[in-house]
Amino acid sequence: MGNLFGKKKSATRVTEQDKAVLQLKQQRDKLKQYQKRISQQLEKERLLAKQLLKDGKKEKALLLLKKKRYQEQLLDKTETQISNLEHMVQDIEFAQIEMKVIEGLKVGNSCLKKMHEVMSIEEVEKIMDETQDAIEYQRQIDEMLSGSLTQEDEDAVLAELKAITQEDVALPEVPEEALPTVPEKRGGMNSKN
Amino acid sequence: SEMSFEWPWQYNFPPFFTLQPNVDTRQKQLAAWCSLVLSYCRHRKLYTLDVMEAQESPVFNNKKISRKLSVEAIQVVFEELRKKGNLEWMDKNKTRCLIMWRRPEEWGKLIYQWVSRNGMNNSVFTLYELSNGDDTESEEFHGLEEWMLLRSLQALQAEGKAEIITMDDGKGVKFF
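Those sequence lines, one after another, are chains R and G. In terms of this note's numbering, the first sequence opens at residue 1 and continues consecutively. In terms of this note's numbering, the second sequence opens at residue 1 and continues consecutively.
Worth flagging that the hints you see were computed from the coordinates, not collected in a lab. There could be a bad hint or two in this list.
To be verified - Simulated pairs of lysine-lysine, DSS-like, Cα-Cα distance not exceeding 30 Å:
id, chain 1, residue 1, chain 2, residue 2
1, R, Lys30, G, Lys68
2, R, Lys100, G, Lys45
3, G, Lys45, R, Lys44
4, R, Lys32, G, Lys83
5, R, Lys19, G, Lys161
6, R, Lys32, G, Lys109
7, R, Lys30, G, Lys109
8, G, Lys63, R, Lys30
9, R, Lys30, G, Lys94
10, G, Lys84, R, Lys106
Keep in mind that this is a model prediction, so the values were computed, not measured.
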């Protein structure tokens, strides 16, 4: 719809699905109003039937009750229709959510693809190789360095070991007497440890 | 519910029903009248007033003390309300008016809070559904008259929180 009057109008955030849902809801509103009307009529007729019975007009009262019964059935049918409309609305709303999920997956997917383009398999292999070389190189350096320090380290370690053994916590004395013998109980309970 | 309305002390004070000549007193008097009219309309959920009918309404007519506010005085009170933004004339002859005991922006806020609370952002509603639907029965804006509902939604629209949709059979709104 063009800007007929040159008025600046921001883009609408209302989708076709929204309009469809709105139409369904309008139909439901109409049905609800119809229901209200019928319910009110039913109430009036119920009172009228009571009055007719009081006045002894049994035939008329019966006729009125028949009419009332028919309207009650219409009311039930209306309720079913309202249910149908509401189901449809919920289906559309859920479909919109599903659409959003799929869109989200699409975006995530293309993101992943782009990232994979950046990290090609060959590149990763190359990096891994380079890393391996670097690790190897470092190991050699460590060996060289550790070689020159070993003698000093060994002496320090031996000294520490001595200190620890001298600090030893005194263990309790092992008891001298023999263990008392447990008398033989029946059923061979002693065999169970 | 007529009984449960709390009348302010001035209501039973006879001079309250006569426009006071002293400027300061009159100012206080008019402020009290404005406040009374708004509270009463809020209590009875009245959205429009007819001047002739108002004359006979308990607000301007206290039968207990046999005092009623004159038509001229009522007009003065209404003019005060209009200046404060709580009243709008519906016709040139000033016979009927819209009474806004709550401003459209405030209604809009209430409605939007209900929408957010129920996770209904990005849903569409018909206007009928908002004011008369089963889902809104316990809400303060249930029963809001369409003109006021529309203005409240327009206030929200200006804030980008809603968009009013016009269809063949009526209007709807989408909340964001």
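To see whether the hints hold, each was checked on the structure:
Among the hinted pairs, R/Lys30 with G/Lys68 is inconsistent with the structure: their alpha-carbon atoms are about 44 Å apart, more than 30 Å. For the hint pairing R/Lys100 with G/Lys45, the CA-to-CA distance comes to about 42 Å; that exceeds 30 Å, so the pair is violated. Between G/Lys45 and R/Lys44 the alpha-carbon distance is near 27 Å, which keeps this suggested pair within the 30 Å criterion. With a C-alpha separation of about 40 Å, the suggested pairing of R/Lys32 with G/Lys83 is violated against the 30 Å cut-off.
Proposed proximity of R/Lys19 and G/Lys161 is supported: the alpha carbons are some 18 Å apart, at most 30 Å. Simply put, R/Lys32 and G/Lys109 have alpha-carbon atoms about 27 Å apart, close enough for the 30 Å limit, and the pair holds. For the given pair, R/Lys30 sits about 28 Å from G/Lys109 by alpha-carbon distance, which is consistent with the 30 Å threshold. In summary, the hint linking G/Lys63 to R/Lys30 is not supported, as the alpha carbons are separated by about 44 Å, beyond the 30 Å threshold.
This hinted pair does not check out: R/Lys30 and G/Lys94 have alpha carbons roughly 35 Å apart, beyond 30 Å. For a cut-off of 30 Å, the pair hint linking G/Lys84 to R/Lys106 is broken: about 54 Å separates their Cα positions.
Against the hints set out earlier in the document, violations occur for numbers 1, 2, 4, 8, 9, 10.
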